[in-house]
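**Q** Position 3 of the sequence shown, counted from 1, bears residue number 3 in our numbering, the numbering being contiguous throughout.
Hints are supplied without guarantee of correctness; some may be wrong.
Computed cross-link-like contacts, DSS-like style, restricted to lysine-lysine with a CA-CA straight-line distance of at most 30 Å [unchecked claim]:
| no. | residue 1 | residue 2 |
| --- | --- | --- |
| 1 | Lys10 | Lys22 |
| 2 | Lys62 | Lys52 |
| 3 | Lys62 | Lys22 |
Derived by calculation from the structure, the hints in this document are not laboratory data.
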Amino acid sequence: MITVNTHEAKTRFSTLLGAVEKDGETILVCRSGHPVAEIHSVLKKAKKGLPKPNKKLAVKLKYNPTEPLDEEDLPQGCL
Numbered sequence: 001m002i003t004v005n006t007h008e009a010k011t012r013f014s015t016l017l018g019a020v021e022k023d024g025e026t027i028l029v030c031r032s033g034h035p036v037a038e039i040h041s042v043l044k045k046a047k048k049g050l051p052k053p054n055k056k057l058a059v060k061l062k063y064n065p066t067e068p069l070d071e072e073d074l075p076q077g078c079l
């Protein structure tokens, strides 16, 4: 967390916003040593890579989903 006074926040606003946007920093703005505002990103950082598989949610199929269906397996009126 970066802490700045109001004058410094005004002077370095673009740089501070860049730190928030690029690095995910949080800026604490103080007046007379007392915190009055906090600047932080509203966007959540995207996770890198794929999530780890959850074995509890794994599904085992008892058929081959790529094989064609027989005509009797299709609902009426689909042909």
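**Q** Honestly, which of those hints from before does the structure not fit?
**A** Of the numbered hints given earlier, the structure breaks just one, which is hint 3.
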